[in-house]
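Visitor: Sequences listed follow chains A and B, in order. Residue 233 in our numbering is what sits at position 233 of the first sequence, and the numbering runs on without skipping anything. Residue 148 in our numbering is what sits at position 148 of the second sequence, and the numbering runs on without skipping anything.
Hints listed in this document are in silico derivations from the structure and should not be mistaken for laboratory results. Where a beta carbon is used, it is the ideal one built from N, C-alpha and C, also for glycine. One should not assume that every hint holds.
Listing some non-contacts, in silico: residues in chain B with all C-beta distances to chain A over 10 Å [unchecked claim]: (1) Gln85; (2) His92; (3) Lys170; (4) Asp196; (5) Tyr198; (6) Arg246; (7) Ala347.
Below 30 Å or equal to it, Euclidean Cα-Cα: the simulated DSSO-like pairs (lysine-lysine) are [as the list claims (entries may be wrong)]: (8) Lys300/A <-> Lys107/B; (9) Lys300/A <-> Lys20/B; (10) Lys215/A <-> Lys20/B; (11) Lys199/A <-> Lys222/B; (12) Lys156/B <-> Lys215/A.
Far from chain B by the CB rule (all over 10 Å, computed), these chain A residues [as the list claims (entries may be wrong)]: (13) Leu46; (14) Val119; (15) Ser142; (16) Val152; (17) Lys165; (18) Leu204; (19) Leu211; (20) Asn214; (21) Met217; (22) Phe219; (23) Val222; (24) Leu226; (25) Asn273; (26) Val296; (27) Leu297.
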Amino acid sequence: MAVLSGTEVEQRPAYPPKNRVRWTASEEASGLALISPTLLYAVALLFLPILIVVAYSFWTQDYLTIDRTFTLQNYRTALGEPIYQDLLLRSLAISLVVSVVTVTVSYPIAWFISFHGGVHKNLWLFLITVPCWTSYLLRVMSWKVILGYGGVMNTGLLSIGIIDKPLTSLLYNSNAVVITLVHSWAAFAILPIFVSLEKVDRSLIEAAHDLGDNKLMSFLRVTLPLSLPGVISAFLIVMIPTVGDYVTPKLVGGKDGVMIATAIQAQFGKGANWPLGAALSVTTMVIVSAMAGLAVLALKLLVRMAK
Amino acid sequence: MPDTPMITIEAVNKFYGIYKALDDVSLDIAAGEFFSLLGPSGCGKTTLLRSIAGFDTPSTGDIRIDGQSVIGTPPNRRPTNMVFQSYAIFPHLDVEENVAYGLKRLKLDAAEERRRVEAALEQVRLGHLGKRRAHELSGGQRQRVALARALVMRPKVLLLDEPLSALDKKLREEMQVELRSLQKAVGITFILVTHDQYEALALSDRIAVMFGGRIAQVATPKEIYQRPTTRQIADFLGGMNFMKARITGETATRLSVETPRFGDVTLDKPLGFNARNGTATIGIRPERLRVLWDDARADFELAGRVVDRHYFGEITHLIVDVPGMEQPLSVSETNNFGADDIPVGDAVRLAYDPDALVALSD
Chain A
1 MAVLSGTEVE
11 QRPAYPPKNR
21 VRWTASEEAS
31 GLALISPTLL
41 YAVALLFLPI
51 LIVVAYSFWT
61 QDYLTIDRTF
71 TLQNYRTALG
81 EPIYQDLLLR
91 SLAISLVVSV
101 VTVTVSYPIA
111 WFISFHGGVH
121 KNLWLFLITV
131 PCWTSYLLRV
141 MSWKVILGYG
151 GVMNTGLLSI
161 GIIDKPLTSL
171 LYNSNAVVIT
181 LVHSWAAFAI
191 LPIFVSLEKV
201 DRSLIEAAHD
211 LGDNKLMSFL
221 RVTLPLSLPG
231 VISAFLIVMI
241 PTVGDYVTPK
251 LVGGKDGVMI
261 ATAIQAQFGK
271 GANWPLGAAL
281 SVTTMVIVSA
291 MAGLAVLALK
301 LLVRMAK
Chain B
1 MPDTPMITIE
11 AVNKFYGIYK
21 ALDDVSLDIA
31 AGEFFSLLGP
41 SGCGKTTLLR
51 SIAGFDTPST
61 GDIRIDGQSV
71 IGTPPNRRPT
81 NMVFQSYAIF
91 PHLDVEENVA
101 YGLKRLKLDA
111 AEERRRVEAA
121 LEQVRLGHLG
131 KRRAHELSGG
141 QRQRVALARA
151 LVMRPKVLLL
161 DEPLSALDKK
171 LREEMQVELR
181 SLQKAVGITF
191 ILVTHDQYEA
201 LALSDRIAVM
211 FGGRIAQVAT
221 PKEIYQRPTT
231 RQIADFLGGM
241 NFMKARITGE
251 TATRLSVETP
261 RFGDVTLDKP
271 LGFNARNGTA
281 TIGIRPERLR
291 VLWDDARADF
301 ELAGRVVDRH
311 YFGEITHLIV
321 DVPGMEQPLS
331 VSETNNFGAD
341 DIPVGDAVRL
351 AYDPDALVAL
361 SD
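Bound-form chain A, shown alone (with noise of 0.2 Å):
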């Protein structure tokens, strides 16, 4: 650890006070050299450039020059102006849809591969990363395809006769963005889903049987409770990214389906208005870290309640 100086060593507390081992022999120290490079990446690519919008932020663009003088004006537009409201609330809107209609479909897919997975449940989760081997962008692409006017969802219909034209409420609007994000982020929701069920003690449920309940009750009682972390991963992994999402409503949303990335990219390009783009992102992130907050306190609210 040539970054930590050799008083450091001077200054650490002694102890145990007779056997003293040089700090850099010691397992705090074996530690934080293990995870520096990946520490050293993570604040040089995640924590630096988010200082830097953060930055950009309080400044103003003039045309080709950034007025670095410190202002809020940015934040005034980002909050005030009814486009971005809309956008921002539209794109939440979304994402908390998504995140609800991911997790919804994906318990029970994981818990089938936990509880009934038997000697196969590595060849269930294998098929399950199946469809992230294609890029994402044509996964998006064929759900075009699937929902289009002349697509496979409305030539299926058709030909069975349900409807006697194409449907057109289908593509281009937030339904389709809801359908293509579920379908992309659900593997990701499984899998912390399945962990944490895994990691449910199966005698816990056997009790709760012995005591008298039926399945469904032990399910809600004692499973539900306790896979509750990885169903809050799986709500934050799918919410915080889909937030932000900007490929698929571009491609699948039209007008109806736009959400903020697609304003705070506009700054950022055409726009030529980079503070303003980063006071949106800034906000943006607020915002979702301030729902995703939210979102745990009430699920686990939801929990309690069930107890």
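Use these hints to put chain B onto chain A, whose structure you have.
Guide: What follows is chain B alone, placed relative to chain A:
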């Protein structure tokens, strides 16, 4: 055996593929009895217990609780409750909520539920820890929570799956005493699964010893210990000196044998006895052999030489070579009279009681 058994197990077999976990098991267990299933791991005792609880279903045969067949009845509708080996304390609930878990379904009014939970916790002396979570409890306390959680349901039968095996020796002995007095207090049938012979002997009214999916012997602790029917049972329950003896006479119930150094004796014939080449296996427990000090005399004596000595605190094991016997005898002697000071190599005289000899099936 009372005429109305609480539990009847009738010709139960359990197969896992070609592996036979239970092999034609039949048992009657009386109401209010403390019954133990004792055997080494893999002998089928846990499978039998889980079949009574409803977590395993016998491949063939019948299990009746209080006269009702429970085959096909799920665990939640059986009048049994179980204390799991791992205790299975719900980690997301506190102690009181754990104990109240099964009561919630009974829709008791709040005061009644509260009263029953408190009474159950009092019974296992955990009244003061009601708000603790599982991870804040010691092993012994978890054990008590598991007991209270099962007893509060007022089952007809309490099933205990190796409940004390995770505790250290001292605590285990304390819990044994408590478990016994608890059973006396609540008066319901306890079925205990254990691989610890001392636990089974100390707690039970009757013990079923199991090997390889079969029941080898069902009897009171004293009978199992003093009159084991097979060499395997004798060996599993403490030490035993074995010797071959020549059969000189045989009736339906008795066996006359000529032993190498214990003289000619007539013994009870064990169940399922088969003479092999006219010889029988005879056993005597190490503590039934006594060292004769100085010029003390006994009706039945053996002379030998100490070849090894093992000190165990309150007792000493002397390994005594007796001329004419194939194997040296193991003698367990209390240290009151200085058995721990007998030098290896010294000659000793041993006293025994011919009644302590037991004939064993192989």
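Visitor: State for each hint whether it applies.
Guide: Do the hints match the structure? See the list:
no., hint, result
1, Gln85, "violated (8 Å)"
2, His92, "violated (5 Å)"
3, Lys170, "holds (26 Å)"
4, Asp196, "holds (20 Å)"
5, Tyr198, "holds (26 Å)"
6, Arg246, "holds (53 Å)"
7, Ala347, "holds (55 Å)"
8, Lys300/A <-> Lys107/B, "holds (25 Å)"
9, Lys300/A <-> Lys20/B, "violated (46 Å)"
10, Lys215/A <-> Lys20/B, "holds (29 Å)"
11, Lys199/A <-> Lys222/B, "violated (44 Å)"
12, Lys156/B <-> Lys215/A, "holds (23 Å)"
13, Leu46, "holds (34 Å)"
14, Val119, "holds (14 Å)"
15, Ser142, "holds (42 Å)"
16, Val152, "holds (44 Å)"
17, Lys165, "holds (53 Å)"
18, Leu204, "violated (5 Å)"
19, Leu211, "violated (3 Å)"
20, Asn214, "violated (6 Å)"
21, Met217, "violated (7 Å)"
22, Phe219, "holds (13 Å)"
23, Val222, "violated (6 Å)"
24, Leu226, "violated (6 Å)"
25, Asn273, "holds (50 Å)"
26, Val296, "holds (16 Å)"
27, Leu297, "holds (16 Å)"
Checked against the numbered hints given earlier, this structure breaks hints 1, 2, 9, 11, 18, 19, 20, 21, 23 and 24; the rest are met.
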